[in-house]
Structures are given as C-alpha cells and as structure tokens.
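Q: Chains as they are written, first to last, in UniProt numbering: chain A, 1 to 549; chain B, 1 to 549.
There may be inaccurate statements among the hints.
[Claimed, not checked] Computed spacing ranges between beta-carbons, pair by pair: (1) G524/B / A504/A: 53 to 63 Å; (2) E209/A / S373/B: 26 to 36 Å; (3) R8/A / G546/B: 23 to 33 Å; (4) A280/B / A247/A: 30 to 40 Å; (5) Q318/A / D45/B: 44 to 54 Å; (6) G25/A / G10/B: 52 to 62 Å.
Don't read these hints as lab results, they were simulated from the structure.
The model shown is predicted, which means the values in this text are computed figures rather than measured ones.
Yeah, the Cβ is synthetic: ideal placement off N, Cα and C, and Gly gets one too.
There are 2 protein chains.
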Amino acid sequence: MAHFINERSGLVTDAIDGLLAASGGTLARLDGYPEIRVVLRAELDPGKVAVISGGGSGHEPAHAGFVGPGMLSAAICGDVFASPSVDAVLAGILAATGPAGCLLVVKNYAGDRLNFGLAAERARAAGIKVETVLVADDIALPDAAQPRGIAGTLFVHKIAGHAAVTDASLDAVAAIARRTAGAVQSLGIAVSTATIPGSSPEQRLAEGEAELGLGIHGEPGIERITLPKAAALARQMTERFSGTVAASQRLALLVNNLGSATALEMQILTKAVLDTPLGARVALVLGPAPAMTALDMHGVSLSFLALDDELEAALLAQTDVPAWPRARPVAAPLVRALPDGLRGAPEPTPSHDAAAAGAVTAVCEALIGAEASLNALDAKVGDGDTGSTFAGGARAVLGDLDRLPQADAAALCRALGERLGRAAGGSSGVLMSIFFAAAGSALSDGVSWPTALARGVERVRDYGGAGPGDRTMLDALIPAVEALETGGLEAAARAARDGAAATASMQRAGTGRSSYLAASDLAGHEDPGAVAVAIAFEALAGLPRGAPK
Amino acid sequence: MAHFINERSGLVTDAIDGLLAASGGTLARLDGYPEIRVVLRAELDPGKVAVISGGGSGHEPAHAGFVGPGMLSAAICGDVFASPSVDAVLAGILAATGPAGCLLVVKNYAGDRLNFGLAAERARAAGIKVETVLVADDIALPDAAQPRGIAGTLFVHKIAGHAAVTDASLDAVAAIARRTAGAVQSLGIAVSTATIPGSSPEQRLAEGEAELGLGIHGEPGIERITLPKAAALARQMTERFSGTVAASQRLALLVNNLGSATALEMQILTKAVLDTPLGARVALVLGPAPAMTALDMHGVSLSFLALDDELEAALLAQTDVPAWPRARPVAAPLVRALPDGLRGAPEPTPSHDAAAAGAVTAVCEALIGAEASLNALDAKVGDGDTGSTFAGGARAVLGDLDRLPQADAAALCRALGERLGRAAGGSSGVLMSIFFAAAGSALSDGVSWPTALARGVERVRDYGGAGPGDRTMLDALIPAVEALETGGLEAAARAARDGAAATASMQRAGTGRSSYLAASDLAGHEDPGAVAVAIAFEALAGLPRGAPK
Chain A
1 MAHFINERSG
11 LVTDAIDGLL
21 AASGGTLARL
31 DGYPEIRVVL
41 RAELDPGKVA
51 VISGGGSGHE
61 PAHAGFVGPG
71 MLSAAICGDV
81 FASPSVDAVL
91 AGILAATGPA
101 GCLLVVKNYA
111 GDRLNFGLAA
121 ERARAAGIKV
131 ETVLVADDIA
141 LPDAAQPRGI
151 AGTLFVHKIA
161 GHAAVTDASL
171 DAVAAIARRT
181 AGAVQSLGIA
191 VSTATIPGSS
201 PEQRLAEGEA
211 ELGLGIHGEP
221 GIERITLPKA
231 AALARQMTER
241 FSGTVAASQR
251 LALLVNNLGS
261 ATALEMQILT
271 KAVLDTPLGA
281 RVALVLGPAP
291 AMTALDMHGV
301 SLSFLALDDE
311 LEAALLAQTD
321 VPAWPRARPV
331 AAPLVRALPD
341 GLRGAPEPTP
351 SHDAAAAGAV
361 TAVCEALIGA
371 EASLNALDAK
381 VGDGDTGSTF
391 AGGARAVLGD
401 LDRLPQADAA
411 ALCRALGERL
421 GRAAGGSSGV
431 LMSIFFAAAG
441 SALSDGVSWP
451 TALARGVERV
461 RDYGGAGPGD
471 RTMLDALIPA
481 VEALETGGLE
491 AAARAARDGA
501 AATASMQRAG
511 TGRSSYLAAS
521 DLAGHEDPGA
531 VAVAIAFEAL
541 AGLPRGAPK
Chain B
1 MAHFINERSG
11 LVTDAIDGLL
21 AASGGTLARL
31 DGYPEIRVVL
41 RAELDPGKVA
51 VISGGGSGHE
61 PAHAGFVGPG
71 MLSAAICGDV
81 FASPSVDAVL
91 AGILAATGPA
101 GCLLVVKNYA
111 GDRLNFGLAA
121 ERARAAGIKV
131 ETVLVADDIA
141 LPDAAQPRGI
151 AGTLFVHKIA
161 GHAAVTDASL
171 DAVAAIARRT
181 AGAVQSLGIA
191 VSTATIPGSS
201 PEQRLAEGEA
211 ELGLGIHGEP
221 GIERITLPKA
231 AALARQMTER
241 FSGTVAASQR
251 LALLVNNLGS
261 ATALEMQILT
271 KAVLDTPLGA
281 RVALVLGPAP
291 AMTALDMHGV
301 SLSFLALDDE
311 LEAALLAQTD
321 VPAWPRARPV
331 AAPLVRALPD
341 GLRGAPEPTP
351 SHDAAAAGAV
361 TAVCEALIGA
371 EASLNALDAK
381 VGDGDTGSTF
391 AGGARAVLGD
401 LDRLPQADAA
411 ALCRALGERL
421 GRAAGGSSGV
431 LMSIFFAAAG
441 SALSDGVSWP
451 TALARGVERV
461 RDYGGAGPGD
471 RTMLDALIPA
481 VEALETGGLE
491 AAARAARDGA
501 AATASMQRAG
511 TGRSSYLAAS
521 DLAGHEDPGA
531 VAVAIAFEAL
541 AGLPRGAPK
C-alpha cells in the first residue's frame, strides 16, 4: 500500500513539523533535527514541575499531541516504534525543566527504561531535580515480570499534568503519578497488524481472527481467537481485569482506538463494555478516540482506572489539549418519544384479496431473492446497496401484508408508498415511494392501471431529475409501463428486461452515484435499479427471472 | 477481516447507543428504532433556528458527532452509505424545530436530495418553517452537473450553527449557510477503499496506486495515479482548486482523515499542503482529524473555504462539540535552540589511525549491509527495527569518521559511545552506547582490550537487566568477549556466531519486546541483536558473514 509521506527517513520530523504548523503557535520544537526530536509547550512556566514523556513514534497523538497546559510540558519522539536516544531525552529535560524539577513518565519497555533512565542520571548529575514513574498497565500476561506500558499511560499524563499546574511539588506530582500508574490496567484486541508508512503490510491473521493482548508495536498477541460479537468480546475482555481495578466501585474507562477501527465499531464496543458488570461501575468514560495508537492497526484497547475523588477531579479538569479525549460522566441514555404528526394520513382499513396479495408477495420474494446479486452488481458501479435497499423495502411490505388494504387498489398503492417511504432508504426507496403514492392518487381518480403507473413514472422523473438513457431504473420502468398498455404484464416484463440490458451499454450515468464514474467503469454492467425493476415485472407476469423472448 | 460489531443489521443503532452513552448526557435520540435514527441535543432551544443535517452512516463523526451547542441541533442517520428515509428526516424536523424554524444542510446526493426534500415539503405542509442548503463542494469532476457534497459540509454546519446560536433569523442562517457552501471546495485522495463492518475488504488498487477524486462511499476515483511523495501530491491536489477558492487571499483549510490514514501521514500531508502556493494563503487550519470519513478508507480530503471576517469569526467561535476539529491560526513554526549543557565532555581531538579506521569502517559497512535482513529477522519476533537501529548508528559513525580520535583507543571508544547515544534509538543503541562508554573508561584505566570489553558487557547486564540465555545480544557478546582473551578476533567471531545460532532454540526471551511472545513464535528464529553482534565480530576478524567453522 502506498502512504502519504515524503522520505521514510523524515517520517517523524515531517510529522512533527505538521503538528507544529496546525498547533496555532502553542507548540515549539528543539533545534536538534534529525536526531533530537523534542516537542515542547511554546510557553513553559519554570515555576511549575515539568511533566515529560515520550517514546517511540507511531502512537500519535501520543506523545507530542498531549503536550499542552494541564498535560505534558514536553514530549521526546523516537523513531517509529523505537525509543528516543539518551541525548534526545536529556535535551528535553534540560529545555523544559526549571527549578521545580521534572517528572518523567516512562512506559515500561527496555529501551525507554534505559534511555530515560540514563538521561535522568545525567540530568541529576547536572543538578536538576528529576523523578521517574514507570507505567506498566498491560494485563495481557497476568504473570509477566515486565508488563508493558500502553494506553493507561494517558491517565498518568493527565493526572500528573493537572497536579503540576496546581503548583504541587515534584514529590507530590510524582506521588500522584505513581498512585495512578498503580491503579490502571489495560488490554488490547486487534484484527490487523500495524504497517509502518513506507513498508508493505503484513497479513498475520486469517479472516475472522483477532489477537487478544497484543502490544502497541505490532507485537503478536498473547492469544489468537475467533473474534466474537462485540457484546461477548466486551465480557471476555473485562473479565480479565483484576486487583485494584476489579475491586473498585468507581472506574474511569478509556476506549482507545489503536488506529483504524471505524468510529461505528468504536461506538458499538464502547456501549458493549459499559453494558458488562465491570462497565456498570464506570463513572467516567474517555473516548472512544485514538489516544495511544499503533499506526494503522485495526484494534482497540480498554484502560480502566480505579478512581478516588482526587484522581476523578484531575481527570475532569479542563485542558486545552485538542487530542485529549475529554472525560464524560456516564449517564442513562436519553430517549425522546417520536413527535406527533409524523404519520400524515390515518392507517387504511386492512382487507384481503388473493390476487393482490399474490402479486405483492411474488414481487417481494423475487426482490429478496435477488438481494445478493443486485448488491454485487451495484458494488461494481455504486455503493453496493441496491439489493439491500429493495430487499429491505420488500421485507417491510411482506411483514405488513395482512394489514394492507389489499382489496382497494388505490389505497394499496398509497399504503405501499407510505411503507416504502418509512422502511427503504436510498434514492431507489424514496423514488419507489413517490411512484406508488402518485399511482395510488391516480387510481383513486379512476384512471386505468397503465395510466396510473405512467403518472408514477412522471413524478419519479420530476423529483429524481433523470430521464431515459440516464442509466437508472427509469430505463426499465418507462418501456415496461408503455408496453403494459398494449401487451399486458408479459410484454411489460420483457420490455423491462430489454431496458435493463440496454443500460449496460450506456456510457454515462445522468444521476445517482454512478454519475461520478468514468465510462470505462460502467461499460458492460447493467444498472442494478433497472434490473430490480425487470425482476419485479417478471415476478408479476409469472415469468422466470431474465426469461428469454 | 473481522469487525467489532454485534449484528450487521444493528450496526447503526448500536453505534448511536454508544455515542449517547459516551456523550455525558448531552445527546438524546428519538424512540424510533430501527427505522428512525435521529440524534438530537438533550437540550434544544425552540427560540433559535434548528440546524439539521444527516445522511448515510459510515461518515462518523459526521453527522451525529457534530450535534451540540453551536453546531447541529439534530442529525438523521441512514444505513451505512444510504440516505435516511423521508419519515426519519421528518421525525427529526418535527422533534428539533420550534417557532424559529429549521435549516436542513443536505449533501448533494440524489437520495439525500429526495428524502430531505420530500420531508421538507411534508414539514412545510404541517406549518413548519424550513429552509434547505445543498452542499456540493467536491471538485473531482470540474464540469460535473451534480457535484457531490463531502467534507466541506463541516464548514456549513459550523457556520450555520454559530449563526443560529447568535439568534439569527432563519433567513439569515440560510443565507450565511448558502454563502459558505458557495465558497468551499474539496478534493479527496485514497490508497484503499472502504470496508463496511461485517463485509470483506475489496482490493481495487495495486501496490503504490492511489485514487484521486474519489467519493466518501467507496465510489472509485476519477483518476488512478501512482502516489507521489507528499509534497508533490499536495502541489498536484492544490492546483486543482479554482474559482472563489483560488482567488481568495485568506483561506481556511480542513485536513480530513477519510478513515485509517495514520496520524503521522496526516501531519506530514498537512505540512505539505501548507507549503504549497495555495497553502500559503491559509489563515486557519482545522485538523488533521477525522471529520467526514468513509469508514476505514485510507485517505484524506482537503477542503478550502474562502474566508471573510464573518465566516472566520463563526469558525473560530467556541463550541463544546468534541468531534469538531478546532480552527487554529497558522503560525510560523517555533524552533528553540538546543539547551546548553547537552554535551557533557568537550569533543575529543580528531586523529588518524589506518587500522582503527579500517576496523570501524568494516564493522559499520557490514551492519549497514545487513539492515534489511536484520529487520526481516526482527519482524518475526519483535518490531522489525533492529537492522535500522544498528545501520543508523553505523551510518552516523561512518559520517563522523574523520572527526573521531582514531589513534586513542580509549577516547575512540568513548566517542563511539557518545555518537551511538545520540544517533541510535532503541535498546540496542543505548546498550551499545553504554558498552563503548564503559569500555572506553576501562581502557583509559590501562586495562587490555578483552578486559575493557568485559567491563562493557558487565554494564550492559546491569542496565539492561538481561543475562546469558535470555535471547539477547548478550548471548553473542558474552562468548565473543570471553573467546577474545584466549583466541583472538577470529575465535571471538566464531563464538559470537555460535552464540547467535543458539538463541534460535531459546524458548523464552527474558527482556525486550520478544519477552511478550509465546515460545512457538520464537522457535527457530535467531535473536537479531545477537546476529548483529556476530556480524560485527566477523567484520572485525575479516571473516565472511556467517563463516563456517
């Protein structure tokens, strides 16, 4: 896969420059490129304890994205997934630290321990007050001698950063940071690995597989599992938390996007976690948001912090750092009643008519049966949902069949229009709704079926803005309705099928999403809406799908 | 690929529930599941114009994530990539709109036009004041009859939302919204398509390819290109902007992550865009951030808005909506001088010694030559950077060769330690730094080479916490240094190679990232740090790499 970069060697410095450019002048960097990559607050207060963190890059917004008032004073950025050098850490300490001293927040990796540790020793030798807190929140291996530091580190940044701006002493800042580090546990799950920009992706996982307890550097997980549904996954993950976290009655939860999980998934998983027994004790939720990522890994980590009043106040304190996923109190969902006046007309009186019910059923079943093939056809020229749109509408109609006014053709058409307007999304759905509503109105004026359907076609052209030859369902619907007058249903079905077939050679779509495609992408593919119309008329006429003439 | 969901059919409602749960009680929804999915502010002020938007889901945080004070009053959520139904839109209008009326912000797609348009007509028939603004900001096809609405829609949300909270009339809100829509242009680029959670990914693009001018629903781009470097891409994209935007001397820029581009790439591209002629006229930058996504598409869109004082003030106005990518003034990067005291000792006096230079050169060149193979080995058991760490250090040393005190062994060792501490990240880098620093100090105490190197080994064990058998470079270094005393360089090289080979059968790593792996993942793979040590000793001894005994 291609990546949006310049030179691989300039990955981190280029990115830091971009961060600074978009920071509104709140961030600065040290003049130490390429080796020394230190981001610091443009305005530092030497009277306050400096809170400094950092580590390998590739975890953005961590760490440089958390530099700002009430959080970090400076961040030291290593290469992607590699600890920064001792000199880089030392430069950050010297640049950001005043008489109040500094706290180094270090994730528990050998490299970070060594580099931050040696830098701290050098700084102390130069007369600077330095304290260090190690974060080792990963519970993937419960009996690991050296648990990793992962997203729970964010809690330490925020709480130590808040203590520092409230003029706490270095000892006090270090103490609350250590208390936080001791009260947080994290666990990650992912369905893909991380790809370093400029490299090729690795495919370690089979379809449907996930890794539980993986690291934030692409390290394999402790366990490879078949990914369960979100609710079951949330239970499985939350059951692994133990000790202080499991014992706490009041928790904060950070739902961290490891990179490329979609927002939909993140929101689904957040709800699933809050619905578990452990989740029920969450008082504050942070995210879902990318906070400590692993490049583009498709995964998520959960970090739980056992709260007390002091930690909670520090988490809730306002900060001007854009990347900080604000802590919000968990509240019961607010559900409002549907507004009055949503249904225009009263429901029509149900009635039974075998022929009408049979015709409606035949069309609906044919469209439901064609869902996958219409989706596949649409995937080539659009967004792949035509089959689901028609099938969704058909299911809603079938489910309501006994409540329809089957014996009153005009009322039946209007009721179909009403139901399709409610159940079917997409332009096809609403156009079908318009079609049936207009046809129903025409039928109640006493016109014939062919004339009524022609009225429906007219309104579809008005609202949708398409005409014949524009590669839409009209290319099947218009000839079908015309043929109906003279040749009956079978002629209409054959005309619809011919019309649908003709769309395959139409070089340009006049409307809808296909209109954004080049002619070469369209060539040879029938318009899925037109095919759906043909299928419907074939079902009405009792012909097999795509029947030859 | 597996996804973090429950049922595919509940994708959108489950996600909305998660959004609400994490909203701190600021958001509510209508009781219309599954068809009617409307998110609205928990507290609506009927005295102010309601600003309502929506469309297909899959674009999160758009649209529901932008519901909040100063932005949207309500968002209507369709299925993934499908417009919401007329009834859903109508429900949102009825629920969110008071006597001041409402503005519908509609992206220019046939489905949205139809559904929002029909709903607006029904609402008007019920006596509600409704205005509609269409956003058609996509410039992928400059002569398109119906340009799409993409991320530029966010500017309309923010500016109309701000006008509404300042008590502007419906006409005034609609007017500024239309002015904004007329002053914004957007263009997207992506290197992967979007995958709907629960579906399998489609691979439309070859390695190194990108699509320019693609849509936010997975529609193919207008042009398939070989992705250039970020700077060239930024020039190529910005040159396509025209009309109002190209003529404006003061622009706002939204850098929108379409889904899974890494933060590193987004920051790099932001800087690249700001460095173009068009970018030089950007006064306000928003993002980089996910704002109008296409699920997990790896891509980015640029939206430029021609500013005037009124639009700028509305963009800068404070809003409490977490997903809003705050507008920040573009400022020159702040670069601070490196702090004094960073270099402990003064630079040693350079000197020349052919043997020392030859030895250093041989080792460095061997390590540079092994970069790719060591990275590949490390990718199996760690994060794939060992080769680059050693090669990076080697390049820094080679580049400084003439400034090294070649003729003074102790000073040379200390200088190597100093340079490796500066240039090489990762634990291997700092351990090598410690190794040479300690060896240098020992040499200046007058001990022999083997004894000095043994002192280095001792310090590496102290700081790194590993010992023999822990699957680290020590497993090659310890036997090599021991063999040096009795057998000279060639024996040392063979001992190092044997030690490296032995790591392949060590079932558990005692330290470093490999320690998080299961035995089965380690089996048969040599530790890359140990192999690097073997390569270095072989180079010193003049043996070919991996020479047989």
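Q: Now tell me, hint by hint, if it's right for this structure.
A: Status of each hint after checking the structure:
Distance hint for G524/B and A504/A: a CB-CB separation of about 54 Å, consistent with the stated range 53 to 63 Å. Between E209/A and S373/B the CB atoms are about 29 Å apart, so this pair conforms to the stated range of 26 to 36 Å. Remark: the range hint 23 to 33 Å for R8/A to G546/B is upheld by a beta-carbon distance near 28 Å. Roughly 57 Å separates the CB atoms of A280/B and A247/A, a value that falls outside the hinted 30 to 40 Å.
One distance hint, 44 to 54 Å for the beta-carbon pair Q318/A and D45/B, is violated here, with the actual separation near 24 Å. As the Cβ distance of G25/A to G10/B is approximately 45 Å, the hint placing it in 52 to 62 Å is violated.
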